[in-house]
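*Asks:* Model the full assembly from the supplied sequences, consistent with the hints where possible.
Chains as they are written, first to last, in this note's numbering: chain A, 1 to 129; chain B, 1 to 140.
None of these hints come from the bench; they were simulated from the model.
Ideal Cβ positions, reconstructed from N, Cα and C, are used throughout, including at glycine.
Don't take each hint at face value.
Chain A side only, calculated, beta carbon under 10 Å to chain B, not exhaustive [what the hints assert, rightly or not]: (1) Leu8; (2) Gly9; (3) Phe12; (4) Met47; (5) Val111.
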Amino acid sequence: MNALLSALGAGFLFGIGLWVSGMANPKKVLGFLDITGDWDASLMLVMGGAVAVTLVGFRIYKTKIPAPTLKDIDFPLVAGAAIFGAGWGIAGYCPGPAVTALSTLSTESVVFVIAMIAGGLLHKIIPKT
Amino acid sequence: MHDFTPVSALAGGALIGLASVWLLAANGRIAGVSGILHGIFSPPEAQWRAWFLSGLLLAGLAWQAAGAPVPLREGFPIGWAAAAGLLVGFGTRMGGGCTSGHGVCGLGRLSARSLVAVIVFMASGMVAAYVMRHVLGVAS
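*Replies:* In structure tokens form, the structure reads like this:
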């Protein structure tokens, strides 16, 4: 199959998964992240269901996995994950759900995605030590 | 836990996993949405990434066209949405991935880096959600 059509199909299926699972709903995401409230454990099962499939699939297509460019558990990994998590917990969007939510043209999703692209560009231009 | 939806969560998760295996099997690429999004600015790999993102958008349009419920949130402060977007964009580039790249794909290939990232962003997300709702009292 054409590589671009295949990427389109994979993105489409990924997006449908986000809507079916509830990940595209920031309120539901925050209901999971806020463990002190009326905790909604559903998103644990989203990750569980997804990883159950990738564990098997990535084993089958092991030879296709691109070699990881980074191997060390270093400061940027931990600090970057902490910064990402903070943004996720504030608004309830991570990148995939934010992009698919853009289809609703809600103000918050438009603002979030523009800011997310800006954040990535900001990281690109600041000097690395 | 009155909002607990185990069946749709598992089914949706499985679809996300299938899509990730699909992209690996057919394109030899990792379905990490933050990397795909930020990578649309760097040709020659920009093209397939744009198509993948179009698929994500089309899924949202198809979902709405099918009349499925679209839970829209009203009144979330736009300033907080902007701040959160900046943090997510910056953090995912610094840490090399997000919920999909480190979570769905990284855990699937048993990466120790990804496991650390997942533990850190889950913990940090829980702290941020707590502070927003119960310390700052921002409705979300």
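*Asks:* Hint by hint, say whether it matches the structure.
*Replies:* Verification of the hints:
1. Leu8: 4 Å, holds
2. Gly9: 6 Å, holds
3. Phe12: 4 Å, holds
4. Met47: Status holds, d = 6 Å.
5. Val111: 5 Å, holds
Of the hints listed earlier, there is not a single one the structure fails to meet.
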